[in-house]
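Which chain is which? The protein sequence lines are A, B and C, in order. According to my numbering, the stretch in the first sequence is residues 909 to 1196, in order. According to my numbering, the stretch in the second sequence is residues 23 to 352, in order. According to my numbering, the stretch in the third sequence is residues -2 to 85, in order.
FYI, nobody ran anything at the bench for these hints, they're computed from the structure. Yeah, the Cβ is synthetic: ideal placement off N, Cα and C, and Gly gets one too. Please note: incorrect hints may appear among the correct ones.
[Claimed, not checked] Covered stretches of chain B, going by a simulated chain A footprint (3 or more residues, C-beta under 8 Å):
(1) 42 to 56
(2) 70 to 77
(3) 83 to 94
(4) 311 to 318
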Amino acid sequence: MRHQFDVQIGAVGFRIGSAWPGPLDALADLYRGYPAPEGGIADFTVRLEPEKPWRRFLRPSVAIRGDYVLPDAAPLPLALGLLAAEMGMNLQMALGQKNWLLLHAASVEKDGRALILTGESGAGKSTLAALLGERGWRLMGDEFALLDLESGMLLPFPRAVSLKNKAIAVMEAEAEAARFGPRLAGTPKGDIRHLRPNREAVERMGEGARPALILFPRFGAEAAVRAVGQAETFMRLTQASTNYVALGEPGFTALTRLVRAVPALAIDYPDTATALGLVEDFRQELAA
Amino acid sequence: MKAAGLLARALSDPHGTAIEDWNALISAARAEQLIGSLACRMEGRAVPPRVAAIFDAARRDSARQRTQALWEAEMARRALAPLGVPVILLKGTAFHAAGLEASAGRSVGDLDILVPRESLDAVEAALLAAGWEHVKDTKGYDDGYYRRWMHELPPLIHRDRDRMIDVHHTILPPTARPSPDAGALIADSVALENGLRTLSPADMIVHAAAHLFADGDLAGGLRNLWDIDRLLREFDSDDFRRTLDARARRHQLAGPVARALRLAHRLYGTPAGAGRARLSDRLFEARLLARNGWGQERRKLIRFFFYVRSHWLRMPPLMLARHLWIKATR
Amino acid sequence: MADPVYIADCGAVRSVPLDGLTVVYHVSSGMTHIVAPPAPEILDALGAGPADAAELLRRLGARFAFEGGEVIHARLNELEAAGLVRRA
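Bound conformation, chain A alone:
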């Protein structure tokens, strides 16, 4: 591979190869300040390749490949190369990560207590987590939450936050311009812009936190809070995990332990201010 970029994100190291320099330049810019994998050894390799050899130059088309691949994944145009790199990393985690229980969730931490925000895509958890990350909470991750199988601690995986459509403007008002990646238009999901977590999140990427609350946030409805039972939480979390089945008994142990130790709430909120207020209420209750 002509071009290479290596990056350590939390507990996971990536080696990313590309046939074109552009995507990796953008990636290096986005992950400014992140360390390189220790000893140069990566946990996963991502490859950005031309779909067919002649597509390297002619209407360049980026196929997302690597150690773990989705055979029918559609390639992206080169203009979206940064997105391809991010998707490539997601793919490796989703298909190959088996050291920790992987939850499709955002997580934030304050005073040693971690909140897990999980639910369907588009429910607003990513934006909520990013906002909390600018309001005194430490952003541990917006896409994947890593649960240690033995200790039950949540581990950071602070990838760049993937903001979509309206959320972009919301966060542009909150975070300094230098932390943003380019605005990518015309993606399958609309407009996307990536935001690097703040310095504290990056510096503390090696610090785990004990989960204290599981939230199922849902944007767009009148404010409401409902306790979620353990069995329902368990089931919803297995659905939110890409590797629960692959982990076998240790995964079962870790997840049942999480669900019995940590309360779960479903919250509906009509706007972010309400959500932030609710979270602050919860935090105070937990601290009491």
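Take the given structure of chain A and dock chains B and C to it, following the hints.
Just chains B and C, lined up with the frame of chain A:
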């Protein structure tokens, strides 16, 4: 190009092979479905901490794949036991079920079983009754193609467990040139404690060789030859080599088996394959080692040659033309 | 035709109660099931040895105030399909 060669050396001599580029080794191993085997072979070797974590995860994942494979076999056993027909496990599942050395770190995909041809209908009915379903889109071909020309039922998938089962009645397509003796495969099969069966060790090697050369374009070849290496070393003796030779001839696969052993010898030092290499062996070897340290397959020309060759072997030329024409017009 | 006799599957099973339901990890298969009463109690009762539906009713009745024999058959079929229980 060197990464695949490094992988082969690391598998045969896990403690003595110097590794400078661990990323290349790991990516090549993952691409060749050999990361579990490599991790097991390297157990006990002092490796960098990141590599140790990767190997730990790979070993645990292997164990999980083993559990899943044996469970699929058990569920098939429960569904088919009332029929009273021999059910023979194939490939990775068989290695795990029989506790063979070839099972160490061996990844397993779908469940493959072999049953007598005349029992195919009854087997299909029993599987459907027990929760398996037909897979909808079978490579764009309809049912007829599968039943008439291929050597298996159309693939079935279990509706709850989402795992596939491939039911074979012989080990090569009936339309292919070599014509293995399915009856002999069954007659010589070995019973396991639970009533399921495996091929005899010699037939396992013959099957692996057939699968490698006649059934595909050498994809997964490094793993296939590793299987052969492990199998041969576990059962090796003068007697066994004579038996292996006899069985290979019986199944009209003497050429492929001999070539497989020669290649395994070149790659892994397998004892039975020593002897003069043919010129064509080099071509096969180059194809097998076409994986680089990024996990990519290089040497596209060789790959294309083997792709066409594999289809040519599966079907006589006229049929091949028809097959390619139908594919092109769909 | 004699009633089928059921055996709890040979492999180990880990059960964890979660507010009214039970999650069961089946070690032999690596599968996780969420079951509702009386399924966990049936599995438990089969721990004492193979039994047909009538015998199971007796065992369950001895420990719990248990009514409705039909529900036993439904739960047994589900447990069998899940692989947690098989016929002798």
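Evaluation of the provided hints:
{"no.": "1", "hint": "42 to 56", "in the structure": "holds (count 6)"}
{"no.": "2", "hint": "70 to 77", "in the structure": "holds (count 6)"}
{"no.": "3", "hint": "83 to 94", "in the structure": "holds (count 4)"}
{"no.": "4", "hint": "311 to 318", "in the structure": "holds (count 3)"}
Hint compliance for this structure: every hint is met.
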